[in-house]
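Line by line, the protein sequences give chains A and B. If you're matching positions, the first sequence starts at 1150 in the numbering used here and goes up one per residue. If you're matching positions, the second sequence starts at 5 in the numbering used here and goes up one per residue.
It is worth saying that the hints were derived from the structure and are not from the lab. Among the hints, erroneous ones may be present.
If you want a taste of the chain B side facing chain A, the calculated C-beta under 7 Å gives, among others [as the list claims (entries may be wrong)]:
(1) LEU43
(2) GLN96
(3) GLY102
(4) SER103
(5) TRP105
(6) PHE131
(7) ALA132
(8) LEU136
(9) ARG147
(10) GLU151
(11) ASP152
(12) PRO185
(13) LEU187
Listed next, the stretches of chain A that the computed footprint assigns to chain B, with coverage defined by at least 3 CB atoms under 8 Å from CB atoms of chain B [what the hints assert, rightly or not]:
(14) 1215-1229
(15) 1280-1288
(16) 1340-1348
From the three backbone atoms N, C-alpha and C, an ideal C-beta is built for every residue, glycine too.
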Amino acid sequence: MVSLLHRSGRRHLLRHRWQSALAILGITLGVAVVLAVELANQSARRAFALSLEQIEGRVSHRLVGVGGTLDENFYRQLRRADGLREIAPVIEGEVVLHGERFKLLGLDPLAERPLRSLLPKLDSLQLRTLMTTPDTVLLPYASAARLAIGTNDRIELEIAGERRSVTVAGIAGDSGTAVPDGLLLADIASAQTLLRMPGVISRIELRLNDDDVRKLAARLPAGMRLERAGRRDSTSRALSDAFQTNLSAMSLLALLVGAFLIYNAMTVSVLQRRAQFGTLRLLGVTRGELFRLLLGETLLIGAFGSVLGLLLGWLLAQGLVTLVARTINDLFFSLRVSSLMVQPLDLFRGGLLGILTTLAATLLPALEAARSEPIVVSRRSELETRAHRAVPWLALAGIVSLLAGGAMLVLFRDGLLAGFVALFLLIIGYSLCVPGGVLLITRALQPLTERFGGIGTRLAVRGISASLSRTGLAVAALTLAVATTLAMGTMISSFRTTVSDWLEQTLQGDLYLSLPERANAAAAAQLISDLHRLQGVRELSMGRSRPLELATGQVRLLALQTASRSHRGFTFKGHTLASLWPRFHAGELLLVSEPYAYREHLQAGDSMTLPTPAGPVEFLVGGVFHDYGTNPGLLVMAMSSYRHHWRDQRISTLGIFLHSGQPWEPTISAIRRLTASFGEGASLAANGEIRARSLALFDRTFTVTRVLRLLVVLIAFVGILSAFMAMQLERSREYATLRATGLTPGELLRLVVVQSALLGLLAGVLALPLGWLMGETLIEVINLRSFGWTLQSLLPLPLLGEALLLALSASLLAALYPALRLSRLPPAAAMREE
Amino acid sequence: MKHLLLLAIALLCGCVEAPPPALSGAPGVPAGWGNEGFLRADRPRAFSFPEDHGPHDGYRSEWWYLTGNLRDRSGRRFGYQFTAFRIALLPQPTPQRGSAWSASHIWMAHLALTDVAGERHHHDERFAREALGLAGAQAEPLRVWVEDWQLSQSAFERPWQLRAASDRFTIELQLAPAHPPRLQGEAGLSRKGRDPGNASYYYSITRLASAGRVRIGDDEFLVDGDSWLDREWSTSALDPDQAGWDWFSLQLDDGSDLMFYRLRDRGGNASPQSAGNLFLADGRRIALRREDVTLTPRRWWRSDDGRSYPVAWTLTLNGPARRFEIEALMDAQLMALSVRYWEGAIEVREAGDRVGHGYLEMTGY
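Put together the whole structure using the sequences plus the hints.
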């Protein structure tokens, strides 16, 4: 009996191989996307953790200067007077190699050993070269292999805008040992010269016990801070984590869409076999056996789909990991992931996720099948009645879920997880309401089609509500799929528009001139007075930007001497203090970027203490401004105030405002002549250039999100195809009856096509509010909580059109095959089919 | 001679794995590291003090090597060792490149304290580049330092001062030379290999009256005793087939001091360059060649890493017929540092009676 049962199950799967294949494809794609994102994320995390482990080694603390650097003599003092042994100096800077961002680490090989083993096993000749030949570096094995660079090669580095040629003294590590990719190692003397940091180092890394910490902390000079290792970059890491969480959530969304589709496929498959199950029950098959048969079938589909999903996901991940790493590298911190780091557990989890999702999605249909009564033909109408009766309850559950989601957003104002839970509640709630919506809309349409439509159209519309058990579900699945693509599209385009507007607003100057860090104050002052004398120059704004170590991590401090137009460059969030600009110029106020203010719960009127070389100074926050730069925090103060507290007269950037209506070229050439003495480090860029560059970077960092969205679109398309095709095929018998009662093949074709199009349109329309809701939640809740950014939310028309088009085209394509098949088949044969 | 711990350079900063049988590879020159441009110890030279107490930068390596036997008032016995090694990266100063970190020399220092009653041998090491004042040496007044370890002299002919502290122990001594420097080898040129350039300049102060204190943990001991200073600089010394050495310094109660090193080849045989000197109390020197000394190990000690070192010897002088029974004050005096070797305080007996003390260094086992 059992084998008969299994044979019948197998027969069914084989006879409906299109249907089975599409169900498998749904699972495959869902699992593949989740797994790919998971693998990419995990690889990025592992690469980061590994590089951190390598870079931090056994370091327990770091000694940093509040101004970003330390006097190198303090290191000697610690070594000689304090007898501290497990300490090492580090000079760190960013360089560009082959267009990629690398971290240049200057180390003292002799001080490294107690702390870490970053430096490879060099032969003594390499060590000597590294220590005595200027401008020599070591390249990690992974980077060298990737960029095809070998020992003794000369490579070009771009350091703070200058091109420097260095020699590769050796390769650090080999394929077996993981010296992190994306790192350049140099002797500290070379690094100091290359990065032009005479007399200073970036930090001292230490391995200290509690006793040492107390002693050292007690006698630390002003302007230095001892912090626990791992604290550094914690803000960047939190942001990066938020980014990765977002990706994971989106991949789960893809799986949810997939699950819906499986649910649909399995429901249809149960419906198709009602009669068969009735017969089986007559033959003595128990409910349990039937239930197990269905679960077994599902397990087979789920397992098969999952295995394929794992393979596909692994392939996808190869590409995705590069994109994820690049985004992290562009936005948060230097990270290179040379290879996918797959752990068996990831694969196991991915597979399990696919199978569990499939099982969960089949539970209801399987229970449905198990309820089959032992009669030859269970009545279809009874099923539909039941489906209709369930509609209000489903809608009620949906409304409860929507309310719960809304309530969560209101009640839990913080926390990314709460945001995502709320988002998923909203999605599920809305989807549960969809069958009700379908019913209401078709009922509203019915009087219209009765009057104006032909027989095909009328049958099509009536058929939708008459077979709600299938159509409701298919439309819900389709709605979710389309809404997801719409929401992601909305988020991306809102983000881009916001950034683009912000850039336009922020970049008030016509030209921007950035000066190298080494440019001294006198030269800059001379340059400024020369610039003022130039014909075309109307006004100048001046900025000094530098890193600032706060207890909460590193931020950037920007001191500004504004031009008359500069103020327009700031848009504020919420209220600002009265007479903001006069008080700002008087040096009383500090302006704080939104991401930092969001994270630290700051608003206008709060006070904030900054470490200055002369000790801590309290500032009043005058306002919180929008900022979409990559900084975890930007603080802006008046130049006069900065110079007073920091005793630093240097200039980092100049905003140049030109007289309108005059040609720029002569002025630009004159400026270039004036800045020639600053060397390559001085760079001049027009407003538009900077904007274009920034947007290009933005687009690059959003590539991964776009790719993910495309994947969701793909899944949605395949899902709609499978759901609709299954639905139409399942109704073959019904159609055959219609043919037998006189419907022409043409009329039938029209019936099927119209119904499909209608369903597609219905789903498309229903997807719009959900897409909007999800988009809003992503923008207003998820992004704000992840990154502290307020974005303008936009719902661009093309995206709406795209959503409708997606729904329509997929549903029409899905109708094509069943319609053609049915219209060709003689009615008698079709009736025999079932 | 002794202390040819030159290849320490290769082991510095763990950049190269320690060769499994300590130093048994090719001691001396790290592979690929040519001697071009460095001065060679290939002819006798005139020594001049105090200048020669200071560094000789044109030679590849150089060391200041202090060992000594100390006692506190209750008779508790200690042995100590302090060594500063200078290793040149380049024959000439590294080109100036706008960084106070740029260095032409690197330094390694070893410090050890044998606490016989406590049955402990404490040891530690330091590495530093000669830059930013982290390490260095100068002749007048003498100052040799590696981070917070320092051997110095306030002025010429004043006592020397050693101050060095590790996490667990501290040594602070005043060292007063009992006689002017004594030249080893042929007027200070000490041949170590068949190749004429394989030699070093080598002088010793075989007795420095030493007084001061040592601290172990929270316990402090006021101590006095005898120290021995070895100074040596060279560019290349050992022949490639030399596998290790045994170096003896004996300070005898009759006022005479004996230094002898036996260079062993891979077969364990003493090479012809093995040599030493016996300085009599009246200052007369008796040169010792390989044939003049017979060394016989009497007892072996096995260290944790499985290597065995002879910690009791019979040293027989064939000329002025004398037979010394040499025994380590403590077996476990292994310097388990970047370079592993056995170096420790010894007691010297003759016909059953204690006749002196000294230090023994053994490598290549």
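Here is what the structure says about each hint:
1. A least Cβ separation of about 18 Å between B:LEU43 and chain A goes past the 7 Å threshold, and the interface hint is therefore violated.
2. Annotation: interface hint on B:GLN96 violated; nearest CB of chain A at approximately 10 Å, more than 7 Å.
3. With 7 Å as the threshold, the beta carbon of B:GLY102 comes within range of chain A, its nearest partner Cβ sitting at about 5 Å, so the hint holds.
4. Contact between B:SER103 and chain A, as hinted, is supported at the beta carbon level, the nearest pair being about 4 Å apart and thus within 7 Å.
5. This hint holds: B:TRP105 has a C-beta 4 Å from the nearest C-beta of chain A, less than the 7 Å allowed.
6. At its closest, the beta carbon of B:PHE131 sits 4 Å from a beta carbon of chain A; the interface hint therefore holds under the 7 Å criterion.
7. A cut of 7 Å between beta carbons decides the hint on B:ALA132: the least distance to chain A is about 6 Å, and the hint holds.
8. The closest approach between the C-beta of B:LEU136 and any C-beta of chain A is roughly 5 Å, which is under the 7 Å cut-off, so the hint is satisfied.
9. Evaluation of the B:ARG147 hint against chain A yields a violated restraint, the C-beta minimum of about 13 Å exceeding 7 Å.
10. Using the Cβ-Cβ criterion of 7 Å, the hint placing B:GLU151 at the interface with chain A is satisfied: the shortest such distance is roughly 5 Å.
11. A cut of 7 Å between beta carbons decides the hint on B:ASP152: the least distance to chain A is about 5 Å, and the hint holds.
12. Hint status for B:PRO185: violated, given a least beta-carbon distance of 29 Å to chain A, over 7 Å.
13. Proximity of B:LEU187 to chain A is violated relative to the hint, the smallest CB-CB distance being about 31 Å (cut-off 7 Å).
14. Only residues whose C-beta sits within less than 8 Å of a C-beta in chain B count toward coverage, and the region 1215-1229 of chain A has 6 of them, enough to reach three; the restraint holds.
15. Interface restraint, the region 1280-1288 of chain A with chain B: holds (3 residues with C-beta to C-beta distance below 8 Å; minimum three).
16. For a cut-off of 8 Å, the count of residues in the region 1340-1348 of chain A with a CB near a CB of chain B stands at 4, and the three-residue condition holds.
Hint compliance for this structure: hints 1, 2, 9, 12 and 13 are broken, all remaining hints hold.
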